[in-house]
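S.K.: Can you make the complete structure from the sequences, with help from the hints?
There are 2 protein chains.
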Amino acid sequence: MKTQAILLASRPQGTPTPEQFQFETRETPALTTGQVLLKTRYVSVDPYMRGRMSAAKSYVAPFEVGQPIAGGVVAEVIESQSDSLPVGSTVVGNLAWQEFNVADAQTLNSVPVDKAPASYFLGLLGMPGLTAYFGLLDICQPKAGETVLVSGAAGAVGLIVGQLAKIKGCRVVGTAGTDEKVSHLKALGFDEAINYKTTPDIAKALAAAAPNGVDCYFDNVGGAITDAVYDLLNKHARIALCGQISTYNATETPTGPRPEGKLLKTSTKLQGFIVSDYLSRWPEGIAKLTEWYAAGQLKGEETVTEGFDHIPAAFLGLFKGDNTGKAVVKVA
Amino acid sequence: MKTQAILLASRPQGTPTPEQFQFETRETPALTTGQVLLKTRYVSVDPYMRGRMSAAKSYVAPFEVGQPIAGGVVAEVIESQSDSLPVGSTVVGNLAWQEFNVADAQTLNSVPVDKAPASYFLGLLGMPGLTAYFGLLDICQPKAGETVLVSGAAGAVGLIVGQLAKIKGCRVVGTAGTDEKVSHLKALGFDEAINYKTTPDIAKALAAAAPNGVDCYFDNVGGAITDAVYDLLNKHARIALCGQISTYNATETPTGPRPEGKLLKTSTKLQGFIVSDYLSRWPEGIAKLTEWYAAGQLKGEETVTEGFDHIPAAFLGLFKGDNTGKAVVKVA
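Chains as they are written, first to last, in the working numbering: chain A, 1 to 332; chain B, 1 to 332.
Accuracy of the hints is not assured; some may be wrong.
Selected chain B positions facing chain A (in silico; Cβ < 8 Å) [as the list claims (entries may be wrong)]:
no.: 1; residue: 226
no.: 2; residue: 255
no.: 3; residue: 264
no.: 4; residue: 272
no.: 5; residue: 274
Rather than coming from a laboratory, the hints here were simulated on the basis of the structure. Ideal Cβ positions, reconstructed from N, Cα and C, are used throughout, including at glycine.
M.R.: Structure representation (structure tokens):
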């Protein structure tokens with residue numbers, strides 16, 4: 001069977017551009033025992049993929065130039081040589097940006113599409129949900145009445161962090177880059193939300209939004225917002241360092257005020273993490289998130305782009321702040 | 001009784017100078033019930049006191065201008081209205097820089113001078129020892145075979161950290177500021193020691209000294225050495241942020257390369273702390289340190305300045321790197 005594939009054409013210097021992506025028609029291999037043929041339904045685009053486009057050593061292996069880009073995909077089994085995944089099953093897996101993929105059934109997880117929309121298994125009930133869950137609940141361990149600050153709050157992970165913090169009884173403050181996102185955060189239950197792009201003095205605005213200081217900081221963006229948060233930390237604050245999207249496209253080492261003195265004075269714990277650090281606890285996390293979703297305490301939020309051809313644009317949009325909640329591409 | 005006292009004459013801008021100190025003769029108050037009159041034997045000078053000389057909010061209250069500076073003191077009871085502390089007892093407490101002090105017995109701890117030299121209760125078996133103990137063993141939790149890097153390794157805390165790391169079976173690398181200190185570190189069992197002042201490329205030297213990367217970093221100094229260590233962190237590294245002496249005298253916010261991206265990629269935990277965070281566990285720490293000292297596994301190391309009049313000079317010497325091990329002043 002023929003399939004469209006999206007290859008990494010070249011490695012970006014700085015912000016990626018459409019030139020980094022190359023469409024190609026490929027032939028899918030014949031199925032062998034234990035394999036399934038998959039029709040892509042939803043493709044996930046995520047900031048961490050920027051790191052994989054570089055050759056530099058990071059926490060996941062780089063993409064190869066001339067090979068398909070890969071990531072989280074929800075797909076339907078349309079041909080099966082696996083007893084565990086019959087035709088018609090919906091699965092999630094790490095798959096190539098192709099309309100069709102052949103994969104070993106054992107590398108895929110079946111998803112219960114009767115419980116939530118299929119795309120949610122790339123967001124609220126997938127990697128971003130688990131990232132929010134472990135980063136906030138395991139690293140920050142917020143207590144009722146504490147103030148939780150989330151940067152990139154309208155992003156896939158940030159929106160879930162804020163909702164989880166509200167479930168835990170915290171005051172929740174978020175930063176985002178448009179007034180629309182700010183309204184959305186407030187509608188979702190955030191106590192305060194700040195448009196960092198239009199606020200002239202972000203440090204002052206954050207201080208006003210967190211009058212009792214910051215106990216937990218879930219950082220998705222880094223840079224100037226994070227600098228300002230460091231000045232608001234309470235004694236024994238906890239920081240979950242999840243992402244630094246403001247610096248991912250930097251071509252030189254970003255510099256700024258040194259945070260160590262502030263972390264020292266407040267006995268703050270700062271923990272970098274990636275969701276795979278918690279692999280053994282994923283079933284626990286998925287079960288809890290699904291429970292809160294079913295109870296109506298957690299909402300899934302998405303920005304859906306339509307069409308396989310628009311995957312690169314949806315990915316590039318992450319760095320322009322185009323998405324609210326999880327950015328996914330509906331392919332079929 | 002009359003006593004000499006050393007007052008804070010003015011708050012320093014940048015590096016403190018002798019002008020910040022003022023000698024004055026004061027009268028000690030008469031004893032009331034439960035109090036003792038103390039003759040100062042040893043005075044501790046410590047980098048954290050620089051913070052207390054500023055008015056800025058920090059983890060301990062600022063010293064008052066025109067009032068005596070205070071800190072760790074070992075003293076002998078020469079007059080007593082307390083049943084628990086008879087004349088002749090040796091105690092440690094937080095006391096003014098005076099030749100004589102009056103204090104409530106309940107604010108003092110008796111020290112067993114039969115077990116170790118009296119001054120050691122300001123160093124190995126006092127606050128610096130406990131700082132090393134909790135920072136290394138609780139925050140970093142080094143495992144046998146791991147690499148532990150210590151900056152300011154020849155200082156009061158650093159020397160103990162290195163020895164504790166050797167007890168735990170680690171490879172230990174230290175940085176210090178003179179060749180004499182480097183030799184001393186090696187004699188104490190450090191696997192590698194680097195003179196950061198004479199090494200042209202500190203990053204390269206640290207990389208060579210830690211060929212398997214850094215698992216634990218105990219940071220006393222901050223600045224350029226710390227920047228270089230961030231590039232050597234192994235996955236799941238742990239950093240105990242104990243001091244930042246390289247920046248304590250800075251008059252503007254120190255800047256440098258942002259560490260967050262590196263901490264994120266390696267899932268590193270960085271924890272700022274002060275020894276009082278562990279107050280409830282001090283008895284455990286003192287007991288363990290005393291046990292290792294008695295067994296000959298830990299050595300106390302001091303730089304002793306003689307004479308009450310030289311307390312300011314001994315304090316100022318901390319910022320010039322004059323001391324190896326704990327800096328104390330022998331008063332009587």
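S.K.: Of the hints given before, which are not true for this structure?
M.R.: none
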